[in-house]
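Keeping the supplied structure of chain A fixed, place chain B upon it in accordance with the hints.
Chains A and B are the protein sequences, given in the same order.
Using my numbering, you'd call the opening residue of the first sequence number 25 and step up by one each time.
Using my numbering, you'd call the opening residue of the second sequence number 54 and step up by one each time.
Read the hints as simulated data drawn from the structure, not as lab findings.
C-beta atoms are modelled at their ideal positions from N, C-alpha and C, and glycine is treated no differently.
Some hints here could point you the wrong way.
[As the list claims (entries may be wrong)] Straight line, CA to CA, 20 Å or less: simulated PhoX-like cross-link-like pairs of lysine-lysine:
no.	chain 1	residue 1	chain 2	residue 2
1	B	Lys166	A	Lys55
2	A	Lys216	A	Lys146
3	A	Lys204	A	Lys146
4	B	Lys124	A	Lys55
5	B	Lys124	B	Lys198
6	B	Lys80	B	Lys248
7	B	Lys169	A	Lys55
8	A	Lys146	A	Lys119
[What the hints assert, rightly or not] Computed spacing ranges between beta-carbons, pair by pair:
no.	chain 1	residue 1	chain 2	residue 2	range
9	B	Glu254	A	Pro73	45 to 55 Å
10	B	Arg286	A	Gln209	35 to 45 Å
11	A	Gly67	B	Asn206	23 to 33 Å
12	B	Asn267	A	Glu78	49 to 59 Å
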Amino acid sequence: MTLQSQPNFVHYPETASQTGGPYVHIGLAPKQAGFEIFDNNFGSVLVTPDTRGERIQVEGRVFDGSGSLVRDVLVEIWQANAEGKYAHPGDLQDKAIDPSFRGWGRTGTDFETGVYTFETIKPGSVAGRGGALQAPHICVILFARGINLGLHTRLYFSDETDANSRDPVLNGIEWEVRRKSLVAQRSERNGKVIYNFDVRLQGTPDGGEETVFFDV
Amino acid sequence: MQIPAAPRSVAYGEFAQHPPACTPGYKTSILRSPRNALISTVNTLSEVTGPVFLPQELGPLDNDLIMNFAKGGLPIGERIIVHGFVRDEFGRPVRNALVEVWQANAGGRYRHKNDKYIAPIDPNFGGCGRMLTDDNGYYIYRTIKPGPYPWRNRINDWRPSHIHYSLSGDGWAQRLITQMYFEGDPLIAQCPILKTIPSEEQIRGLIALQDTANHVPLDSRCYRFDITLRGRRATHFENQLQGAK
Chain A
25 MTLQSQPNFV HYPETASQTG GPYVHIGLAP KQAGFEIFDN NFGSVLVTPD TRGERIQVEG
85 RVFDGSGSLV RDVLVEIWQA NAEGKYAHPG DLQDKAIDPS FRGWGRTGTD FETGVYTFET
145 IKPGSVAGRG GALQAPHICV ILFARGINLG LHTRLYFSDE TDANSRDPVL NGIEWEVRRK
205 SLVAQRSERN GKVIYNFDVR LQGTPDGGEE TVFFDV
Chain B
54 MQIPAAPRSV AYGEFAQHPP ACTPGYKTSI LRSPRNALIS TVNTLSEVTG PVFLPQELGP
114 LDNDLIMNFA KGGLPIGERI IVHGFVRDEF GRPVRNALVE VWQANAGGRY RHKNDKYIAP
174 IDPNFGGCGR MLTDDNGYYI YRTIKPGPYP WRNRINDWRP SHIHYSLSGD GWAQRLITQM
234 YFEGDPLIAQ CPILKTIPSE EQIRGLIALQ DTANHVPLDS RCYRFDITLR GRRATHFENQ
294 LQGAK
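Isolated chain A, as found in the complex (with noise of 0.2 Å):
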């Protein structure tokens, strides 16, 4: 079979990119731009009380390259539910969906702090390619002013060294020392877990390493 003889042989390229600019929020987060418009936003809460899983707070602050505060940032998560499934048709593994988690988030870092927040459970182990295990994840991307692209990264969990160790994706970075810039840091404050992510957009003068951004 030749490739003209496939229906699907058309290509076109991808729409390009553009930075999401400062005002980002407007069309993604708009109370936080400052105003009420729709009945129903999305928002950084991805459980109700139905929700399964191990409740979490994920946290973290951007840095750019002079390591200053990035307080502009509209931060996305997707992350799989508490057995390692994706509430997505494409997720074929033999897991049960939970209904009450759709496993996505949005949020902005705070203007002032900086800091962003989700309000989460812990993922389960998805599967990997060739029946390899990844370990437990959430996927983020980056979105502001200066960036012209997307950045992708993963936050991966500190109590799960030995999941880490066998991660095919951790393992892909040639660079050992690069690795735990993808490991959140678990802590509890108040009787909750906290897992602080902060990203660095690129290393700085001060020896602040850079937080490795794949191309997925």
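Leaving out everything else, chain B in the frame of chain A:
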């Protein structure tokens, strides 16, 4: 056991079609761009799946920017309709994609607490909308044509009229944010943000064309803007994305 059809991987990002991360003419990119190369990965379930949105999550006026913030009057400015198709690289419609748009008002002023431009807020204009594509990948919304806008890059830089777009397609790897411009705007040729894009052809892909045939007489003009997201490839000789069982 019969393995169900594996989800197909998404075609890899072709970076020649996008702006590089560091584009010094757009000054903010200098300190906000990684210095290391992106790490390329093969798709897993994490990248080929993505959030699913339901029609009932949206309100009836969410795609009508003329009416969705009107407080007893209509917003001031050029009434326009924008419509088009969202397809993937292989020409297939992207169904149920979440399309979100935001923009300045007719004078180039954004309704945002950090925008201090002297042009006034329009009390009847919010500036954001959203919709889901239908089974043909089609979307449509109505708005006021945004005005150009000055910004501190070089001291006399002005953005062309533009509408920001966010697209959430069928998979996380398709996630895209971009901007749409208007045919014939002389500011397009001078814009440092547009100039981050490496080819003229890709810049043209962001310019909506006036769709005269679809003007609404004595009411609104119309622009046509189609969007291409990354496509799913057929899985010819491997079935390992899922993890064989």
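We went through each hint and held it up to the structure:
Restraint check for Lys166 (chain B) and Lys55 (chain A): satisfied, since their Cα atoms lie roughly 10 Å apart, inside the 20 Å limit. This hinted pair checks out: Lys216 (chain A) and Lys146 (chain A) have alpha carbons roughly 13 Å apart, not beyond 20 Å. Using a Cα cut-off of 20 Å, the hinted pair Lys204 (chain A) and Lys146 (chain A) holds, with the two alpha carbons roughly 19 Å apart. Distance hint between Lys124 (chain B) and Lys55 (chain A) is fulfilled; the C-alpha atoms sit about 18 Å from each other, no more than 20 Å.
Taking the CA atoms of Lys124 (chain B) and Lys198 (chain B), the gap is about 19 Å. The hint holds against a cut of 20 Å. With a CA separation close to 12 Å, the supplied pair Lys80 (chain B) and Lys248 (chain B) stays within the 20 Å bound. Of the supplied pair hints, the one linking Lys169 (chain B) and Lys55 (chain A) holds, its CA atoms being roughly 18 Å apart against a limit of 20 Å. In summary, the hint linking Lys146 (chain A) to Lys119 (chain A) is supported, as the alpha carbons are separated by about 16 Å, within the 20 Å threshold.
The hinted window of 45 to 55 Å between Glu254 (chain B) and Pro73 (chain A) holds, with their beta carbons roughly 51 Å apart. Checked against the hint of 35 to 45 Å, the pair Arg286 (chain B) and Gln209 (chain A) passes, with Cβ atoms roughly 38 Å apart. Restraint check, Gly67 (chain A) to Asn206 (chain B): a C-beta distance of roughly 32 Å satisfies the suggested window 23 to 33 Å. Separated by about 52 Å at the C-beta atoms, Asn267 (chain B) and Glu78 (chain A) satisfy the suggested range of 49 to 59 Å.
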